[in-house]
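Participant: So the chains spell out like this:
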Amino acid sequence: MSTDASPDITGSTGAALNGTPLPADDPERQLIAKAVREVKETTPLAQSFTNFVTINLVANAQLAAGGTAAMSYLPDDIIDTAAIAKATYINVGTLLPFFKDALGNIARSLQAMHHPWVLDPVAAGIGRTRSAILWAFRSAPPTIVRGNASEIIALAGIWDLNVPSADSDTGAKAGTKTGTTRPAGVEAVDDVDSATNAAIVMARYLRNYAPNHRAAVAVSGATDLVTDGDTVYRLPGGSSMMTKITGAGCSLGGVTATYLAVADPLTAALAASALYNRASEQAAEGCTGPGSFQTRFLDALWNVTAEDIAASPITVSQVPVSQNSVSPDTAGTA
Amino acid sequence: MSTDASPDITGSTGAALNGTPLPADDPERQLIAKAVREVKETTPLAQSFTNFVTINLVANAQLAAGGTAAMSYLPDDIIDTAAIAKATYINVGTLLPFFKDALGNIARSLQAMHHPWVLDPVAAGIGRTRSAILWAFRSAPPTIVRGNASEIIALAGIWDLNVPSADSDTGAKAGTKTGTTRPAGVEAVDDVDSATNAAIVMARYLRNYAPNHRAAVAVSGATDLVTDGDTVYRLPGGSSMMTKITGAGCSLGGVTATYLAVADPLTAALAASALYNRASEQAAEGCTGPGSFQTRFLDALWNVTAEDIAASPITVSQVPVSQNSVSPDTAGTA
Amino acid sequence: MSTDASPDITGSTGAALNGTPLPADDPERQLIAKAVREVKETTPLAQSFTNFVTINLVANAQLAAGGTAAMSYLPDDIIDTAAIAKATYINVGTLLPFFKDALGNIARSLQAMHHPWVLDPVAAGIGRTRSAILWAFRSAPPTIVRGNASEIIALAGIWDLNVPSADSDTGAKAGTKTGTTRPAGVEAVDDVDSATNAAIVMARYLRNYAPNHRAAVAVSGATDLVTDGDTVYRLPGGSSMMTKITGAGCSLGGVTATYLAVADPLTAALAASALYNRASEQAAEGCTGPGSFQTRFLDALWNVTAEDIAASPITVSQVPVSQNSVSPDTAGTA
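Residue numbers (full-length UniProt numbering), protein chains in the order written: chain A, 1 to 334; chain B, 1 to 334; chain C, 1 to 334.
The set of hints was computed from the structure by calculation and includes no laboratory data.
Be careful, since some hints might not be right.
Taking lysine-lysine pairs in the DSBU-like style, the calculated list, with each CA pair at most 35 Å apart, reads [unchecked claim]: (1) Lys100/B with Lys86/B; (2) Lys100/A with Lys86/C; (3) Lys86/C with Lys100/C; (4) Lys100/A with Lys100/B; (5) Lys86/B with Lys40/B; (6) Lys86/C with Lys40/C; (7) Lys40/A with Lys86/A; (8) Lys86/A with Lys100/A; (9) Lys100/B with Lys86/A; (10) Lys34/A with Lys86/A; (11) Lys100/C with Lys100/A; (12) Lys34/B with Lys86/B; (13) Lys100/C with Lys86/B; (14) Lys86/C with Lys34/C; (15) Lys100/C with Lys100/B.
Simulated DEER-style distance windows between Cβ atoms [to be verified]: (16) Glu285/A with Gly286/B: 16 to 22 Å; (17) Met113/A with Glu41/B: 52 to 58 Å; (18) Met113/C with Glu41/A: 40 to 46 Å; (19) Asn212/A with Tyr209/B: 51 to 57 Å; (20) Ile84/B with Asn212/C: 21 to 27 Å; (21) Gly286/B with Lys34/A: 31 to 37 Å; (22) Ala311/A with Arg108/B: 57 to 63 Å; (23) Ala112/B with Asn208/C: 41 to 47 Å; (24) Trp135/B with Pro23/A: 57 to 63 Å; (25) Gln30/A with Asn105/B: 52 to 58 Å; (26) Ser165/B with Gly286/A: 54 to 60 Å.
Just so you know, even glycine gets a beta-carbon here, dropped at the ideal spot from N, CA and C.
Let the hints inform the model, and build the full structure from the sequences given.
Facilitator: Put into structure tokens, the structure is as follows:
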């Protein structure tokens, strides 16, 4: 999700991460187009365990993107459905007491099944129940994490990942150290770039556990950031109206799971971010408030073409060598 | 709910169930028109225990059809409200652990109160918690079951009903035996006709327990099927856009309960199915995607007239004698 | 929320409460305009513990009014968030078993933090779990109660407040005594004026516990009623379409909390009621059913100006002396 109609993607992130435009003929663009088309053609099932606020929008967004949805809160349901679904989405937005055990159990079962899944760590850092659940995911982590900058930074802290600080010698405007950011409910109080290092380290951590050792982290904001741990992609665009409806981020996580059902994690995260940027721009044109925006946004998710999504503006940067030396294997204690 | 704008209702179901058009002056059409009008005039309360995904749409659809809605998850609430509501809707789409005991207790209380209710066995066959809940309903069953073909077949299996197999001598393309269908999340993988025998046997089972010994089973699909155990009605039409929003089936179950508050089970199921076919056709005209479709669908539920609903295309077939010999009384063990 | 497009505010409430128009230059109107503007400028966070039916609309209405939303069901979440939010909204519409302890604990924590909050006592009087929860709020009460007339009367009964009966010597058409009204699910069966005395006594009870000893009670109906215990305000207008979508009242409670984050309780309740009246009138113009009404209503919440809200028709009456003699301190036993 992008939350600023006129984002600035130049010069603000330090030389190392400025990025260059992804060429029009880059193979990744073909993978994005293929994923979008395959979802529309095969209507894959991605199941969700998600919050009560936006569960309806998550399902409707997945359907509008072309997929099939199933929502559940019970481990026995989720495990049965994981056998027929190709990906799962877990969002910790509104917790009930029994989730504390249930979610850890589900994550371990998905791990045993080598089943790919997307985590949205909504409001990471708030509430000891949520922190306990997020900690439980550390040893059975998702394939993709999608959140806003504050959530990515907070989750890296909860997982005790060794994130280089901003004043390191990398030259990058880096992510903050564990505990140096404050949670702000479900809204980000940090900008996307400040979560860059946390995202990179987290992606490397995830891929240690991921099917085929491929994973991704997506940070939503004025310009979205997606990384597989080696390369950082930035996706500008979108509409600020996305911050005036509830569930923009949650449903983006759900659609990411829909694409993950047919594509690798990096491609899934890029396709979902690009779709959301294009669809929210379409929806913002001619809307007269958040009600008509949401209606138009669901229509736009349905109408944006694979070609438009794949042709989205994307910049790319390789992770500097000094960051490559950060070993997620040494992060914290298990 | 109908999910195909151009359904084929000729020739595909075997000679025994082809059906003939329901005459324009058939008394059942007058009962349908009366039920639709009575809801708009008396705004009856039908309460719901339904899933978290589509609970908002269920309530809004009931209001748009002219009724009043109240939703709850606690037996003490439901029992208090059953004393002032005229029908109840139970949908097992998203389960929480405490539902396992709560739902059986609610069903037994409704039975003791002779209170009519509609069951939507969402995702029947998936998860042992759901199967345990559906089993608990066997001895305190609903007045109407509404589901897709896969759910009806799976529920007949869970209840151990003695459904004739497709290769029986009835000449009908019959429902499948317990366990021969695979669950597919919340989407049907079987066509409506394959659930015909399961629906007939189930309707006969339900009426053994029902107030006034009247019950019905409704199977949603490209052409909806409704039966009271003696007669099979088929309702073609609708829009394929209904499969591109979440909650089309769930909210149809809720509106069925709204009509059940003022009418007999067969009439309630027919009226709800016909309303949904007409409203979804209206909504599909001029919609530009699933967002505008849902907005237009709620408007259409509000605007379709009793006359339009009652004049819907309906075919009717009597259940063959050989099927009449199927005794639900011998079904399984209690 | 107002549910009648052409309300009658003359002559029906007894001479003592007829009211006179609030002058255009009354300072209260300036406070209302200031609250509306401050929400749009500072996007304050108001968190909610609300029912599953309309949780999405509550959040979207808060966002459309200009605020920020966070929803939760766990005490540890709520307490953490209360430290960064400026107000909280609690709605008892759909209960789960664990809410019984959780909600009392949350209320006591909010009290200890001197944190202002709004209660919507949905369906007060139905279900012993709900009654137990509402009783638990008696010793740690909200800053504002917002409900329909039946709910306000029922809550006054549950709290055992000493409400003068309608045949008292006050000359007012007064609220009914505990137990003399019947619950009707989530719909009011009493008119707003019948809850006047209950609202006055309740407001005086609340302010004994409130930060700065300021509290308010809002009764929604054809003409809304708001009182701080000394003065009764009536706000006519709105649209009957508000009764044809679910969540009009719930989301009004949420928006009241949003205004409470920046204003005193009386101003917050008046601003929210006036906004809802103006927005529902705007939405009703040109809508073609409840689907388009809801879309237009969210747009209107976004578009109605502070000036329009503050200029709303409002009548005002002072509470008669005989009612002032009612001491909430003597209400019931603790």
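Participant: A separate judgement is required for each hint: does it hold in the structure or not?
Facilitator: Consistency of the hints with the structure:
1. Of the pairs offered as hints, the one joining Lys100/B and Lys86/B holds, with about 24 Å between alpha carbons and a cut-off of 35 Å not exceeded.
2. Note on Lys100/A and Lys86/C: the hinted pairing holds, with a Cα-Cα distance of about 28 Å set against a maximum of 35 Å.
3. For the proposed pair Lys86/C and Lys100/C, the alpha carbon gap of about 24 Å is at most 35 Å, so the pair holds.
4. Restraint check for Lys100/A and Lys100/B: the C-alpha separation of about 19 Å stays at or below 35 Å, so the hint holds.
5. Between Lys86/B and Lys40/B the CA atoms are separated by roughly 15 Å; this keeps the pair inside 35 Å, and the hint holds.
6. Proximity of Lys86/C to Lys40/C is assessed by CA-CA distance (about 15 Å); at most 35 Å being required, the pair is judged to hold.
7. Using a Cα cut-off of 35 Å, the hinted pair Lys40/A and Lys86/A holds, with the two alpha carbons roughly 15 Å apart.
8. Taking the CA atoms of Lys86/A and Lys100/A, the gap is near 24 Å; set against the 35 Å cutoff, the hint holds.
9. Of the supplied pair hints, the one linking Lys100/B and Lys86/A holds, its CA atoms being roughly 28 Å apart against a limit of 35 Å.
10. Restraint check: the Cα-Cα separation between Lys34/A and Lys86/A comes to about 17 Å, which is no more than 35 Å; the hinted pair holds.
11. For the hint pairing Lys100/C with Lys100/A, the CA-to-CA distance comes to about 19 Å; that is within 35 Å, so the pair holds.
12. Straight-line distance between C-alpha atoms of Lys34/B and Lys86/B comes to about 17 Å, which keeps the hinted pair within the 35 Å bound.
13. With a C-alpha separation of about 28 Å, the suggested pair Lys100/C and Lys86/B falls inside the 35 Å cut-off, and the hint holds.
14. Restraint check for Lys86/C and Lys34/C: satisfied, since their Cα atoms lie roughly 17 Å apart, inside the 35 Å limit.
15. Straight-line distance between C-alpha atoms of Lys100/C and Lys100/B comes to about 19 Å, which keeps the hinted pair within the 35 Å bound.
16. Checked against the hint of 16 to 22 Å, the pair Glu285/A and Gly286/B passes, with Cβ atoms roughly 19 Å apart.
17. Distance hint check for Met113/A and Glu41/B: the Cβ-Cβ separation is about 54 Å, which falls inside the suggested range of 52 to 58 Å.
18. Taken as a hint, the range 40 to 46 Å is violated for the pair Met113/C and Glu41/A, whose Cβ atoms sit roughly 54 Å apart.
19. At roughly 53 Å, the beta-carbon separation of Asn212/A and Tyr209/B lies within the given 51 to 57 Å, and the hint holds.
20. Taking 21 to 27 Å as the suggested C-beta distance range, the pair Ile84/B and Asn212/C does not conform, at roughly 40 Å.
21. Our hint of 31 to 37 Å for Gly286/B and Lys34/A holds, since their Cβ atoms are close to 32 Å apart.
22. Against the hinted window of 57 to 63 Å, the Cβ-Cβ separation of Ala311/A and Arg108/B comes to about 60 Å, which satisfies the hint.
23. At roughly 44 Å, the beta carbons of Ala112/B and Asn208/C sit within the given window of 41 to 47 Å.
24. At roughly 59 Å, the beta carbons of Trp135/B and Pro23/A sit within the given window of 57 to 63 Å.
25. For the pair Gln30/A and Asn105/B, the supplied restraint of 52 to 58 Å holds, since their beta-carbon distance comes to about 56 Å.
26. Hint check: Ser165/B to Gly286/A, Cβ distance near 56 Å, so the stated range 54 to 60 Å holds.
Of the hints listed earlier, those the structure fails to meet are numbers 18 and 20, in rising order.
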